[in-house]
Amino acid sequence: MDDFLVRALIAGFGVAIVAGPLGVFVVWRRMAYFGDALAHGALLGVALGVALGVSSDFGVIAVCAAIALLLSVLQRSGRLADDTLLGVLSHGALALGVIALAMSQGQNAGLLVYLLGDILAVTARDIAWIYGAGLVVATALYLLWRHLLAIAVHEELAAVEGTPVAAVRLSFMLLLAAVVALSMKVVGVLLVTALLIIPAAAARAFARSPEQMAMLAAAAGCASIALGLWGSFVFDAPSGPSIVVAALTLFAASLLFSRR
Amino acid sequence: MDDSLLVEAVDIGVALGGRDVLSNAALRVRAGEIVTLIGPNGAGKTTLARTVLGLVRADKGTVFRRPNLTVGYAPQNLKPNPFLPMTVERFLAVSVPRSGAGLERRAHALDDVGAGHILHNQLTDISGGELQRVMLARALLREPDLLVLDEPAQGVDVGGQADLYRLIGRIREMRGCGILLVSHDLHLVMAATDHVICLNRHVCCAGHPRSVARDPAFAALFGARVAADFAVYQHHHDHVHDADGAVVPTDGKIADGKIADREITDDEADHG
Numbered sequence: 001m002d003d004f005l006v007r008a009l010i011a012g013f014g015v016a017i018v019a020g021p022l023g024v025f026v027v028w029r030r031m032a033y034f035g036d037a038l039a040h041g042a043l044l045g046v047a048l049g050v051a052l053g054v055s056s057d058f059g060v061i062a063v064c065a066a067i068a069l070l071l072s073v074l075q076r077s078g079r080l081a082d083d084t085l086l087g088v089l090s091h092g093a094l095a096l097g098v099i100a101l102a103m104s105q106g107q108n109a110g111l112l113v114y115l116l117g118d119i120l121a122v123t124a125r126d127i128a129w130i131y132g133a134g135l136v137v138a139t140a141l142y143l144l145w146r147h148l149l150a151i152a153v154h155e156e157l158a159a160v161e162g163t164p165v166a167a168v169r170l171s172f173m174l175l176l177a178a179v180v181a182l183s184m185k186v187v188g189v190l191l192v193t194a195l196l197i198i199p200a201a202a203a204r205a206f207a208r209s210p211e212q213m214a215m216l217a218a219a220a221g222c223a224s225i226a227l228g229l230w231g232s233f234v235f236d237a238p239s240g241p242s243i244v245v246a247a248l249t250l251f252a253a254s255l256l257f258s259r260r
Numbered sequence: 261m262d263d264s265l266l267v268e269a270v271d272i273g274v275a276l277g278g279r280d281v282l283s284n285a286a287l288r289v290r291a292g293e294i295v296t297l298i299g300p301n302g303a304g305k306t307t308l309a310r311t312v313l314g315l316v317r318a319d320k321g322t323v324f325r326r327p328n329l330t331v332g333y334a335p336q337n338l339k340p341n342p343f344l345p346m347t348v349e350r351f352l353a354v355s356v357p358r359s360g361a362g363l364e365r366r367a368h369a370l371d372d373v374g375a376g377h378i379l380h381n382q383l384t385d386i387s388g389g390e391l392q393r394v395m396l397a398r399a400l401l402r403e404p405d406l407l408v409l410d411e412p413a414q415g416v417d418v419g420g421q422a423d424l425y426r427l428i429g430r431i432r433e434m435r436g437c438g439i440l441l442v443s444h445d446l447h448l449v450m451a452a453t454d455h456v457i458c459l460n461r462h463v464c465c466a467g468h469p470r471s472v473a474r475d476p477a478f479a480a481l482f483g484a485r486v487a488a489d490f491a492v493y494q495h496h497h498d499h500v501h502d503a504d505g506a507v508v509p510t511d512g513k514i515a516d517g518k519i520a521d522r523e524i525t526d527d528e529a530d531h532g
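Those protein sequences? They're chains S and H, same order as listed.
Take 1 as the starting number for the first sequence in this note's numbering and just add one per residue.
Take 261 as the starting number for the second sequence in this note's numbering and just add one per residue.
No lab work stands behind these hints: they were computed from the structure.
Hints are not guaranteed to be accurate.
Derived SDA-like pairs (lysine to any residue); straight-line CA-CA distance at most 20 Å [what the hints assert, rightly or not]:
id	chain 1	residue 1	chain 2	residue 2
1	H	Lys-339	S	Phe-13
2	H	Lys-339	S	Leu-111
3	H	Lys-320	H	Leu-427
4	H	Lys-320	H	Thr-384
5	H	Lys-320	H	Gly-278
6	H	Lys-320	H	Leu-379
7	H	Lys-339	S	Leu-227
8	H	Lys-339	H	Asn-284
9	H	Lys-320	H	Ala-353
10	H	Lys-320	H	Asn-284
11	H	Lys-339	S	His-147
12	H	Lys-339	S	Trp-129
13	H	Lys-320	H	Val-270
14	H	Lys-320	H	Gly-277
15	H	Lys-320	H	Ala-291
16	H	Lys-339	S	Ala-237
17	H	Lys-320	H	Glu-268
18	H	Lys-339	H	Arg-350
19	H	Lys-339	S	Glu-155
20	H	Lys-320	H	Asp-280
21	H	Lys-339	H	Gly-388
22	H	Lys-320	H	Asn-341
23	H	Lys-339	S	Ile-127
24	H	Lys-339	H	Ala-353
Now the stretches of chain H that chain S is said to cover, found in silico as 3 or more residues with beta-carbon under 8 Å [what the hints assert, rightly or not]:
id	region
25	312–324
26	371–379
27	433–443
We put the beta carbon where it would ideally sit given N, CA and C, even for glycine.
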């Protein structure tokens, strides 16, 4: 097998393994739109990172964290419905990001790579970054699991029972920001949310416990990466969208099995 | 300070979205006491309970909670998340300190509330009445000093409701915990409680169920016929829906219980 395919597989698996368990919380807490807003904000982050001369990954995490904080402040004021607020932030960030990129790197330069990802171009350094940050995210997720689960069951019940809800929520948003930064190398900002929620949704049909669903989601994510890369190679299709189509296929298959 | 005092809320005012939901509301729960908040839908019962729990910040007034108070809470309308696979047995252990949540203890707690047969069912597969019992078992597993039950009989059939309130009475006797009940279900609650607080955005009247039932404010809130019913203290299950209909004649939807704590408009609240 070619080196770039091996690197793509390794990088993809690394992302899928953390995106799966995080994705199940996105599904349980109905945060798919929030994932979109973060992903679109990531584009702005890339432009910011480039403009400031720091790594684009740091730019992405910084902008995503800012969006998460901004959203929690705006939500508390309660003047707009959550989905409207997310729509405003999400598309505003996407438009600003495209403009910022165009201005810093020239019209259309590399835009498609950011929008749709290019897993075949990942370097050894990218892999080190993915596994390093992935390990941090996975550890944090393990430590927060009990609290996150309590909040997913019922936020107010969790609050009464002593879960530090606000802190856990913020931590989760930051973890999500990190995973968005990792995932955009694989599938690009437009399809990041797909990598989070489709494997998780596919896992639902087979899971009997929350932990099972998280592990199955990670497995489904890895299977999507492998299947997608294979499809991309055989049919000469773009890799990011191929991975998402593979995940979609798994989800459709899970629907057939879940019929009782 | 009186050691049996678990929670006390004094002169509570809460405004949500610019409207006063509660003003001058108060309640007190001591250990071993069952206190019930009753009132029409939208009277602010749930808001007052949530204020006591610290989920709503009062704009006015003070809330005292005994230090290190362990609270068992069963919120209204908990809908199991359809995307979250979880057995009843697992649900009982979420947020309960590990030492207190061994499988045997959980099974026993579920037996105690008469729902032992659903231990291994998925949470999404059980009925509304079963879920209420599971919530109660879960709250009890925390060994609470104070039990807060918001509309615990919702979704339970009429026979089961009487059972449930008897069960709540037994829990108080066996554990000596204080219990704060929220209900719009007059008949059953009045029989099971020590102290009634009749709420319609402010405290209309409060006291022993019998004295409250004779209070003119109670008659004004729930209708003379209902009040007369309680004054002689008869227990007619078949009047529940009549009584509900009489509470707010302008709002026919109240009888189905689905909109239990909608905040009401000024017009609707004015009959107090």
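Right, here's what the structure says about each hint:
1. A C-alpha spacing of about 35 Å is found between Lys-339 (chain H) and Phe-13 (chain S), which places the hinted pair above 20 Å, so the restraint is violated.
2. Of the pairs offered as hints, the one joining Lys-339 (chain H) and Leu-111 (chain S) is violated, with about 43 Å between alpha carbons and a cut-off of 20 Å exceeded.
3. Restraint check for Lys-320 (chain H) and Leu-427 (chain H): the C-alpha separation of about 36 Å exceeds 20 Å, so the hint is violated.
4. Between the alpha carbons of Lys-320 (chain H) and Thr-384 (chain H) the distance comes to roughly 39 Å, so the proposed pair goes past 20 Å and is violated.
5. For the proposed pair Lys-320 (chain H) and Gly-278 (chain H), the alpha carbon gap of about 14 Å is at most 20 Å, so the pair holds.
6. Between Lys-320 (chain H) and Leu-379 (chain H) the CA atoms are separated by roughly 43 Å; this puts the pair beyond 20 Å, and the hint is violated.
7. The straight-line distance between the Cα atoms of Lys-339 (chain H) and Leu-227 (chain S) is roughly 37 Å, outside the 20 Å bound, and the hint therefore fails.
8. A C-alpha spacing of about 32 Å is found between Lys-339 (chain H) and Asn-284 (chain H), which places the hinted pair above 20 Å, so the restraint is violated.
9. Distance restraint check for Lys-320 (chain H) and Ala-353 (chain H): the Cα-Cα separation of roughly 36 Å exceeds the 20 Å cut-off, and the hinted pair is therefore not satisfied.
10. For the hint pairing Lys-320 (chain H) with Asn-284 (chain H), the CA-to-CA distance comes to about 9 Å; that is within 20 Å, so the pair holds.
11. For a cut-off of 20 Å, the pair hint linking Lys-339 (chain H) to His-147 (chain S) stands: about 19 Å separates their Cα positions.
12. The suggested pairing of Lys-339 (chain H) with Trp-129 (chain S) is violated, with an alpha-carbon distance near 40 Å, which exceeds 20 Å.
13. Distance check on the hinted pair: Lys-320 (chain H) and Val-270 (chain H) sit about 9 Å apart at the alpha-carbon level, within 20 Å; holds.
14. At roughly 15 Å between alpha-carbon atoms, Lys-320 (chain H) and Gly-277 (chain H) fall within 20 Å of each other, so this suggested pair holds.
15. Only pairs whose Cα atoms come within 20 Å are accepted, and Lys-320 (chain H) paired with Ala-291 (chain H) is rejected, the gap being roughly 26 Å.
16. Distance restraint check for Lys-339 (chain H) and Ala-237 (chain S): the Cα-Cα separation of roughly 43 Å exceeds the 20 Å cut-off, and the hinted pair is therefore not satisfied.
17. With a C-alpha separation of about 14 Å, the suggested pairing of Lys-320 (chain H) with Glu-268 (chain H) holds against the 20 Å cut-off.
18. A distance of roughly 16 Å separates the Cα atoms of Lys-339 (chain H) and Arg-350 (chain H); the hinted pair therefore holds under the 20 Å criterion.
19. The hinted pair formed by Lys-339 (chain H) and Glu-155 (chain S) meets the criterion: a straight-line CA distance of about 12 Å does not exceed 20 Å.
20. Proximity of Lys-320 (chain H) to Asp-280 (chain H) is assessed by CA-CA distance (about 11 Å); at most 20 Å being required, the pair is judged to hold.
21. Annotation: proposed proximity of Lys-339 (chain H) to Gly-388 (chain H) holds, straight-line Cα distance about 9 Å (limit 20 Å).
22. For a cut-off of 20 Å, the pair hint linking Lys-320 (chain H) to Asn-341 (chain H) is broken: about 35 Å separates their Cα positions.
23. The suggested pairing of Lys-339 (chain H) with Ile-127 (chain S) is violated, with an alpha-carbon distance near 42 Å, which exceeds 20 Å.
24. For the proposed pair Lys-339 (chain H) and Ala-353 (chain H), the alpha carbon gap of about 17 Å is at most 20 Å, so the pair holds.
25. Taking a C-beta to C-beta cut-off of 8 Å, the region 312–324 of chain H contributes 3 residues in contact with chain S, enough for the three needed, and the coverage statement holds.
26. Residue count for the region 371–379 of chain H with a Cβ under 8 Å from a Cβ of chain S: 0. That is fewer than the three needed, and the coverage hint is violated.
27. Given as covered by chain S, the region 433–443 of chain H fails the check, having 0 residues with a CB less than 8 Å from a CB of that chain where 3 are the minimum.
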